[in-house]
Amino acid sequence: MTDKNFDVIVIGAGHAGCEAALAAARLGCRTLLLATNLDTVAFLACNPSIGGTAKGQIVKEIDALGGEMAINADKSLLQMRMLNRGKGPAVFSPRAQVDKNAYHVNMKRTVERTPNLLLRQGEATEIVINDDKTFSVTTAVQLTYTCKAAVVCCGVYLNSRTLVGQCVRESGPNGFANAKYLTQSLIKLGFNVARFKTGTPARVRLDSIDLSKMVEQSGEEDVQPFSYMSGSVPTAKRHCYLTYSTAETKRIILENKHLAPIYNGSINGVGPRYCPSIEDKIVRFADKERHQIFLEPESEDTCEFYVQGASSSMPASVQEQIYRSIEGLENVEIMRDAYAIEYDCIDATQLDATLMAKHVKGLFFAGQINGTSGYEEAAGQGIVAGINAERYVHGKTPFTLRRDNSYIGVLIDDITTKESVEPYRMMTSRAEHRLILRQDNADLRLTELGRQIGLVSDERYDKYLRKARQISIGQKQLKTVLSPKIYGPLFERKNEAITGAGLTLDEALRRPNITARDLQELGYFEGIDCDALYQIELECKYRGYIEKEKEAIRQADKLENKTLPQDIDYLKIDGLRIEARQKLNKIRPQNLGQAGRILGVSPADIQILIVYLAQNIHNE
Amino acid sequence: MNNTIVALSTARGRAAIAVVRMSGDNAIEIAKKIFHPFPTQPNLLKPGVLETKHFNEHAMCVYFAAPHSYTGENTVEFHCHGGTAVSQAVIEACLDNGAVMAQNGEFSKRAFINGKQNLTNAEGIIEMIEAETASAAKAGANLLENKLGKRIVELQNVLLDAVSACEAALDYPEEDLELPTVQTVKEQLRTVAESLNALIATSALGKVAKYGIDVAIVGKPNVGKSSLLNALIGTDRAIVSDIRGTTRDTLTESVNYRDIRFNFVDTAGLRESSDEIEKEGIRRAKKAADSADVVLHVTDDPNDRSVYPTIRPQVRIYNKCDLFDSKPCCVDSLVVSAKYGDVEIVKETLYEMFSADEIGSSDLLITNERHLDCLKRAEKQLAEAIADCDKTTLDVVTNQIKQAWQTLGEITGNSAQEDVIDRIYSKFCLGK
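Quick mapping for you: the protein sequence lines, in order, are chains S and P. First residue of the first sequence: 1, per our numbering; consecutive thereafter. First residue of the second sequence: 1001, per our numbering; consecutive thereafter.
Rather than coming from a laboratory, the hints here were simulated on the basis of the structure. Please read all numbers here as calculations on a predicted model, not as lab measurements. Don't be surprised by glycine CBs; every beta carbon is placed ideally from N, CA and C. Some clues are possibly wrong.
[Stated by the list, open to error] Computed cross-link-like contacts, DSBU-like style, restricted to lysine-lysine with a CA-CA straight-line distance of at most 35 Å:
{"id": "1", "chain 1": "P", "residue 1": "1391", "chain 2": "P", "residue 2": "1376"}
{"id": "2", "chain 1": "S", "residue 1": "494", "chain 2": "P", "residue 2": "1380"}
{"id": "3", "chain 1": "S", "residue 1": "494", "chain 2": "P", "residue 2": "1391"}
{"id": "4", "chain 1": "P", "residue 1": "1150", "chain 2": "S", "residue 2": "586"}
{"id": "5", "chain 1": "P", "residue 1": "1150", "chain 2": "S", "residue 2": "548"}
{"id": "6", "chain 1": "P", "residue 1": "1186", "chain 2": "S", "residue 2": "288"}
{"id": "7", "chain 1": "P", "residue 1": "1150", "chain 2": "S", "residue 2": "288"}
{"id": "8", "chain 1": "P", "residue 1": "1186", "chain 2": "S", "residue 2": "418"}
{"id": "9", "chain 1": "P", "residue 1": "1207", "chain 2": "S", "residue 2": "548"}
{"id": "10", "chain 1": "S", "residue 1": "558", "chain 2": "P", "residue 2": "1207"}
{"id": "11", "chain 1": "P", "residue 1": "1116", "chain 2": "S", "residue 2": "572"}
{"id": "12", "chain 1": "S", "residue 1": "558", "chain 2": "P", "residue 2": "1380"}
{"id": "13", "chain 1": "S", "residue 1": "418", "chain 2": "P", "residue 2": "1116"}
{"id": "14", "chain 1": "S", "residue 1": "418", "chain 2": "P", "residue 2": "1150"}
{"id": "15", "chain 1": "P", "residue 1": "1033", "chain 2": "S", "residue 2": "572"}
{"id": "16", "chain 1": "P", "residue 1": "1116", "chain 2": "S", "residue 2": "586"}
{"id": "17", "chain 1": "S", "residue 1": "396", "chain 2": "S", "residue 2": "358"}
{"id": "18", "chain 1": "P", "residue 1": "1046", "chain 2": "S", "residue 2": "572"}
{"id": "19", "chain 1": "P", "residue 1": "1032", "chain 2": "S", "residue 2": "572"}
{"id": "20", "chain 1": "S", "residue 1": "550", "chain 2": "P", "residue 2": "1380"}
{"id": "21", "chain 1": "S", "residue 1": "558", "chain 2": "P", "residue 2": "1186"}
{"id": "22", "chain 1": "S", "residue 1": "548", "chain 2": "P", "residue 2": "1391"}
{"id": "23", "chain 1": "S", "residue 1": "550", "chain 2": "P", "residue 2": "1391"}
{"id": "24", "chain 1": "P", "residue 1": "1339", "chain 2": "P", "residue 2": "1286"}
{"id": "25", "chain 1": "S", "residue 1": "494", "chain 2": "P", "residue 2": "1186"}
{"id": "26", "chain 1": "S", "residue 1": "485", "chain 2": "S", "residue 2": "467"}
{"id": "27", "chain 1": "S", "residue 1": "572", "chain 2": "P", "residue 2": "1147"}
{"id": "28", "chain 1": "P", "residue 1": "1391", "chain 2": "S", "residue 2": "558"}
{"id": "29", "chain 1": "S", "residue 1": "572", "chain 2": "P", "residue 2": "1150"}
[What the hints assert, rightly or not] Looking from chain S toward chain P, a few residues come up when the C-beta cut is under 8 Å (computed):
{"id": "30", "residue": "83"}
{"id": "31", "residue": "88"}
{"id": "32", "residue": "427"}
{"id": "33", "residue": "545"}
{"id": "34", "residue": "611"}
Construct all of the structure, not just a fragment, from the sequences and the given hints.
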């Protein structure tokens, strides 16, 4: 073995690439992590924030599997909040503001200190499949490395262009160099390439902002950090600020609409509906008076603030006018312009559930190159691709996550099943079993899997076992009966009706205002930590709904377990609508469940497939 | 390649003609071997000779070329003489030349696979085939026209609005959205629940349209129950005599009246008896009364005020009015003479009692058990969701509404997660 031969090469050191490389290296693969520029390692190119609805759940899942994102975010935390309090535990979502510089430095340090992992600057220009099924990866400086498995995580860098009005640059995000050659190599390998776009707002000087006109948003002290390993972390170091656009903002945008690349035809890429530029919002939702704008700190090292909700591709001079029309930003100084960015990505339906290309064994893809958006979505794919690259190299069975055990499972199933027509963002509404996929039980759902894979340390595993054991001990006490004398004062204080008869702990917990901690104060659930207590409480309060959800999973499994033969010629099944036939032929789903999730395949088409399958078995 | 299936398409047994149908890639080829002269063009019924192993059958033949047939495949029909032996021989001839016997419902399944019909269409066709009355056939035709499907989609859209508002609130907590209030969500759910209840309520009438009205004729021995049955159906079906206890077992006979159907059940006369067989007959009479839609309580005593003990609605009938000296004591009863008179008044009364006249004017009746089941489940899920609005969190409520929406989708075969997401984006202004 020479110094240029690796088990796994990961191309790109963003959020997907770091997770993939760390997973592969920690599982024992000699791994090379290539980055076009080492200053871009885990760079937060857009907002200085990790988590949010559905994304916070993904971060917790990565942590439970033994990944790095949660730990790194906790190390770099500026503030943390729990979104959706009051809307129900299924949608509680932790969201953090993180220090962008610290995030990069911390991740880079972790990567550098990981055994088996070599971080190397270099722009990958070509991937070649060798006769012995290994890959050769060549970089721009004409160095060639070989590997048994490669993971492509080049984010938004492929042939990217940034746009500020008429100023179009061949560039990656934040002025970093783009990658000009790899797209051609991927096309040669048989990948379909699409063009997506996204955008980012300007960064402005803190001391040019009139904070007195804004609403301060501070972190919440009682939120737990992302990682189960982080212990206690200060969660309210810095504030964010809320303000609004004005009628003047609207006027300026409508007047200058023709200058926006998105409206004058100079952008070809498809942008996400959920992350529209400020001009997009104003044009599409013309009757809305004002739009929310948040100011978020970029780092402790700088006075730059991120202007959330105001991404734009207008000319810089117009951007200035737009920003200065926002309440409190009348005298704002822009430090970096807002821009739109267009980039190449591949059609992720060419991948299987391990994120390996169906037609090139050993070649994996993760992150925005797969048409997703978001750091968390990228990292979630990264860890799965990294794990599977290792398993491929060592001849182990593939590792896949499911729609009923994780958001990452939902994400990967969605992108490999449905052709993305816009950048894919995770949302809780995409997870049909979200009552079960909660941020509070990611460890219970996935630690065991992470342990089997080999990424979960003894310490993490012990924590998990301890929690699971405590839950089971607590659940055994639920039948304990409380006399009215014992629970009376508590119930009175909490406005719960007292029946006069005895109540079991279970019945008490089903009262909306009674928590497990209340009962612990009465002397029950002794020695059980609050994490475990919370699980016991939720199980009681939501038992009926959770049972229903489990039943729904069993129902869905019926279709998931109906395998579709891989040699079906869907084009010949005339009952299927033409679109369905073409989609099925292209994506070749594994089972009826997956078939049903393909866009363009309707439930009626699935009924036809069910009858067709039964019929064919009968005919044989 | 589809194998070719064959089956008898008309009812088994004695009949003037029988139709044997064959469908599949080789249907025409096989038919050409056994039928001469084979029609020169599709869709035309032509006479000729069909060779079977045992005899030559003078029959008629028509073929339909794919995809312009019921199944969407090449299809041939032989119209031959009725009766078991002839059709059997014709089927054998087809089998000998390469066709296989069709499974139950296989013609329709093929039509389904080949895109000739969707689920509700298929259900409509079945209902039309099974229809015994004009109103049952109309209900089937309505399904074929997809009237129910359109109504369901309207209701689903209201739910979709509610769901997407909730989902947007759940997924975009930091957006400045107009959040759905418990009150508005409840209002939307209530409208849908009311509409579902109205649809479910039509199933009573739907049952009348589809199956008719089950009418049990009960009363003491010898009051003329069997005579009444005979008069109602217009034939001497039941044995009539002066001997008490002539009718022992129940006897069901159906008759169409206007556009619906009555299923009359004659029963044994009710009295104390030690005869084991008669006792069993009386037990069956009570059972028939309890499962009927309505009970005709027959008496021949004008002073009889007794009420038959049943939870079912009942109509008292004073029979043998030709023998009465006085007017019957209860006015809200029917007075007839089954032996001599006209009993149409009985049918007319029952017809009105079940508002069967509304069947003709009603646009949409639920006649299908599966649809009724879906509607009831969706209604229950909505009721739960409405109750949940006050006692639990939005995440759970949203799931409940989604479930109801999906249940409704089972009727039409259309429920998709993606609809919600599209709706969220089209209705709300969302940033990141």
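Hints versus structure:
1. Distance check on the hinted pair: residue 1391/P and residue 1376/P sit about 23 Å apart at the alpha-carbon level, within 35 Å; holds.
2. A threshold of 35 Å between alpha carbons decides the hint, and for residue 494/S with residue 1380/P the separation of about 31 Å falls inside it, so the pair holds.
3. Proposed proximity of residue 494/S and residue 1391/P is supported: the alpha carbons are some 16 Å apart, at most 35 Å.
4. Only pairs whose Cα atoms come within 35 Å are accepted, and residue 1150/P paired with residue 586/S is accepted, the gap being roughly 32 Å.
5. Taken as a hint, the residue 1150/P and residue 548/S pair is honoured in the structure, with Cα atoms around 29 Å apart against an allowance of 35 Å.
6. The hinted pair formed by residue 1186/P and residue 288/S meets the criterion: a straight-line CA distance of about 25 Å does not exceed 35 Å.
7. Between residue 1150/P and residue 288/S the CA atoms are separated by roughly 33 Å; this keeps the pair inside 35 Å, and the hint holds.
8. Restraint check for residue 1186/P and residue 418/S: the C-alpha separation of about 33 Å stays at or below 35 Å, so the hint holds.
9. Restraint check for residue 1207/P and residue 548/S: the C-alpha separation of about 32 Å stays at or below 35 Å, so the hint holds.
10. For the suggested pair residue 558/S and residue 1207/P, the alpha carbons sit about 33 Å apart, so the restraint of at most 35 Å is met.
11. Only pairs whose Cα atoms come within 35 Å are accepted, and residue 1116/P paired with residue 572/S is accepted, the gap being roughly 15 Å.
12. Taking the CA atoms of residue 558/S and residue 1380/P, the gap is about 24 Å. The hint holds against a cut of 35 Å.
13. Straight-line distance between C-alpha atoms of residue 418/S and residue 1116/P comes to about 27 Å, which keeps the hinted pair within the 35 Å bound.
14. Taken as a hint, the residue 418/S and residue 1150/P pair is honoured in the structure, with Cα atoms around 28 Å apart against an allowance of 35 Å.
15. Note on residue 1033/P and residue 572/S: the hinted pairing holds, with a Cα-Cα distance of about 28 Å set against a maximum of 35 Å.
16. A threshold of 35 Å between alpha carbons decides the hint, and for residue 1116/P with residue 586/S the separation of about 24 Å falls inside it, so the pair holds.
17. A hinted pair counts as satisfied when its Cα atoms are at most 35 Å apart, and residue 396/S with residue 358/S qualifies at roughly 17 Å.
18. For the hint linking residue 1046/P to residue 572/S, the alpha-carbon distance of about 33 Å falls within 35 Å, and the restraint holds.
19. Proposed proximity of residue 1032/P and residue 572/S is supported: the alpha carbons are some 26 Å apart, at most 35 Å.
20. Taking the CA atoms of residue 550/S and residue 1380/P, the gap is about 19 Å. The hint holds against a cut of 35 Å.
21. For the proposed pair residue 558/S and residue 1186/P, the alpha carbon gap of about 33 Å is at most 35 Å, so the pair holds.
22. Under the criterion of a C-alpha separation no larger than 35 Å, the hint pairing residue 548/S with residue 1391/P is consistent with the structure, at around 17 Å.
23. At roughly 22 Å between alpha-carbon atoms, residue 550/S and residue 1391/P fall within 35 Å of each other, so this suggested pair holds.
24. The suggested pairing of residue 1339/P with residue 1286/P holds, with an alpha-carbon distance near 25 Å, which does not exceed 35 Å.
25. The suggested pairing of residue 494/S with residue 1186/P holds, with an alpha-carbon distance near 27 Å, which does not exceed 35 Å.
26. In summary, the hint linking residue 485/S to residue 467/S is supported, as the alpha carbons are separated by about 31 Å, within the 35 Å threshold.
27. Taking the CA atoms of residue 572/S and residue 1147/P, the gap is near 31 Å; set against the 35 Å cutoff, the hint holds.
28. With a C-alpha separation of about 33 Å, the suggested pair residue 1391/P and residue 558/S falls inside the 35 Å cut-off, and the hint holds.
29. A C-alpha spacing of about 30 Å is found between residue 572/S and residue 1150/P, which places the hinted pair at or below 35 Å, so the restraint holds.
30. Annotation: residue 83/S was flagged as interfacial toward chain P, and the flag holds, the nearest CB pair being 4 Å apart, inside 8 Å.
31. Because the closest C-beta pair between residue 88/S and chain P is about 3 Å apart, less than 8 Å, the hint holds.
32. For residue 427/S, the interface hint holds, since its Cβ comes within 8 Å of a Cβ in chain P; the closest pair sits about 4 Å apart.
33. Hint on residue 545/S holds. Least Cβ distance to chain P is approximately 5 Å, under the 8 Å limit.
34. Hint on residue 611/S holds. Least Cβ distance to chain P is approximately 5 Å, under the 8 Å limit.
When the structure is compared with the earlier hints, no violation turns up for any of them.
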